[in-house]
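**Q** Given the sequences, and given the hints that come with them, work out the whole structure.
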Amino acid sequence: MAQGLLRFITAGSVDDGKSTLIGRLLYDSKTIFEDQLESVERASKQKGGDGVDLSLLTDGLRAEREQGITIDVAYRYFTTPKRKFIIADAPGHIQYTRNMVTGASTVNLAVILVDAREGLVEQTHCHSFIASLLGIKHIVVCVNKMDLVDWDEACYEQITEDFRNFSSRLDIADVRFIPISALDGDNVVLRSTRMDWYDGPTLLNHLEQVHVAADRNMQDCRFPVQYVIRPQTDTDRDFRGYAGRVAGGVFKVGDEVVALPSGTRSRVASLAIGERTIDMAFPPQSVVMTLEDDVDVSRGDMLVRPNNQPEEVQEIDARICWLDEQAMRPGMRFTLRHMAHEVTAKVSEVVYRIDINTLHRIEEEAPVLEMNDVARVKVRCASPLFMDDYRRNRTTGSFILIDPSTRRTVAAGVQYS
Amino acid sequence: MSGEYNLSHLDELEAESMYVLREVAAQFDRPSLLFSGGKDSIVVAHLARKAFFPARIPLPFVHIDTGHNFPETIAFRDDLVEKLGVQLIVGSVQTLIDRGEVSEEKGFNASRNSIQTPALVGAIEEHGFDACIGGARRDEEKARAKERFFSHRDEFSSWDPKNQRPELWQLFNGKHQPGEHFRVFPLNNWTELDVWNYILREQIEIPSLYFSHKRKCVRRAGQILAFSEHLNLRPEEKSEMLCVRFRTLGDLTITGAVESNAETIEQVVDEVAVARNTERGGRMDDRRGETAMEDRKKEGYF
Ligand SMILES: Nc1nc2c(ncn2[C@@H]2O[C@H](COP(=O)(O)OP(=O)(O)O)[C@@H](O)[C@H]2O)c(=O)[nH]1
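Protein sequences, first through last, are from chains U and Y. Position one of the first sequence corresponds to residue 0 (numbering that gives the first Met the number 0), numbered consecutively onward. Position one of the second sequence corresponds to residue 0 (numbering that gives the first Met the number 0), numbered consecutively onward.
Honestly, the hints are just simulated from the structure, not real lab data. This structure is a prediction, so every number in the text was calculated from the model and none was measured. Built from N, CA and C at the ideal position, the CB exists for glycine as well. Treat the hints with caution; some may be incorrect.
Label pairs and their computed distance ranges (CB to CB) [as the list claims (entries may be wrong)]:
#1 Y:A272 <-> U:T276: 54 to 64 Å
#2 Y:G99 <-> U:E341: 58 to 68 Å
#3 Y:T263 <-> U:R266: 42 to 52 Å
#4 Y:L83 <-> U:D14: 31 to 41 Å
#5 U:T192 <-> Y:L83: 54 to 64 Å
**A** Structural data, given as structure tokens:
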């Protein structure tokens, strides 16, 4: 049976072979079109290389072409008979932490590249930490350039052991290792004939099979109301439907629900996707729900089950990543966005900054948050929010901070309770 | 137990796009939907209908008419707008030319593609739109691979690819200064094949041009172009009758056709699944240079 969609991110430091690996996945899964291939062949010749440089397939904007580095998350697509894949191609350069955070926020899995000759480097730690911070439950460590270490098993084993030691400090349920050569294609799509000692799956096999549906929260019913549908036509004069994307749990027609923050109770009268009515709704479906009673619910409210409610918090214990070029100013006020709900908020305390390379806490007198900084902070809101722990629910446990004057998104945050 | 709650990838894409469309209606004062008459914008219209059902789609459709459209496109547009009961706003390139506000390209590869941009920007300013929904996809072209769902445009309608707003989870930030607006791309994560499979699954009506038909064509630089009064022929070029269909519908003068016998959506899906060229590869406008699309986007192109 088809596995649906897998979203994954690729991370590695510059020159670890990330572009080559993505090019290889696209090329060997036959996703490359002839005209794209021709343009890459032309560009490879211009660069004076021999053969086709697959890394050029993923090379995007002109500025990057000039600088030769990726500066923003780019998305790539490929499909096999088993699954559709969306790759968030996150830049490796250290100053672009914010891009990795951005890319990581929507994915199920992270592919982290390590150069077999170098072993773990600071950025491996940093990328793994961000993956765990953003709640990615599956990591695949690809030990690349195995051709340059003579396909040596001992070298590979050493790296896996180092990674296990390090990652025991992180919160990641599923870590896999695969020895590959992105350049030659060994163990990417096709099984290597040069590493008999490895009997695990190829990278693509693993990506096709990894089970991610269970990562969604199907226990705690959460329905953030996104938009209220009121047709106001003669036939549907009294219709009042709540449109939204189910963020957790399974809602069934007849279920008792409670609206937050009002606390009003009612029952689910109907569920529909467009014209089609359905009996139950679950993540990540976008549905319209009607209720049996005429209750006052609007955008930003949330419908949940009476016996399973999120936590009411006014001061969030959060990890945030600062994303803006302008540093965080003390006493700054923000618009905090949590699902469809907005409140005024401020950072009441920076508990510590986190050195994302060493994972050490940095405790300072007057900490300043600059772009790419990750910190544990307390965020105080003007009125309470209904949140879950981010590790339990990535939708109800996350938020962004918007600068009301520039209107930019300046920070991403997750709640750990 | 999780098996029961598995969604196909088309279901997931549909849910994501509907979420994006509702977010536009909720966050903006003057949103609009840019309707080109091509299959992607037809799919967006279909998704919008689903997202707001049983209410009508709560935003107007905007069509930038180059004056070089296929007549079938215009007929299809008028029909759909009527069925959906939405308002249609037409921005006319011909009017701008007549008023002397833009000048037309000359020569054999002349196209009105680049002067669509002023017509679009003009319509945005005239109607004060703060969001324009488009049917573009990230898989179409290199410069689009980094597009956000909510893509910020300054007061000159320009896109700054180096300074995009970070977009996390599904928390789209549509806040903007007066005069700025957003382009919104609900189909960002769809591929050409997804679009076709979805058209097939949902039985969405599309213009006849997407199916194989006999048509007078001209071969030029490895492309097959539809013969029309707007196309300037070189002395050595001759028109010929071919069995073709279109993979995208842009201007008559630049949209390349492929030879095909596919007469049903199923047959088109089969052909697309094994196609060896990107669909935009058939468009003369992108072939002008490796970064052609990026340059046009910065100026405010779709
Ligand atoms: N020998 C060898 N070289 C590789 C391999 N993978 C990538 N490279 C080379 O490493 C260099 C950097 O690769 P690239 O994909 O551009 O790295 P990125 O910066 O991580 O995207 C290029 O010269 C590649 O050809 C590999 O498996 N073996």
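**Q** Confirm or reject each hint.
**A** Hint by hint, here is what the structure shows:
no., hint, in the structure
1, Y:A272 <-> U:T276: 54 to 64 Å, "violated (32 Å)"
2, Y:G99 <-> U:E341: 58 to 68 Å, "violated (46 Å)"
3, Y:T263 <-> U:R266: 42 to 52 Å, "holds (45 Å)"
4, Y:L83 <-> U:D14: 31 to 41 Å, "violated (52 Å)"
5, U:T192 <-> Y:L83: 54 to 64 Å, "holds (58 Å)"
Hint check: violations occur at hints 1, 2 and 4; the rest are consistent with the structure.
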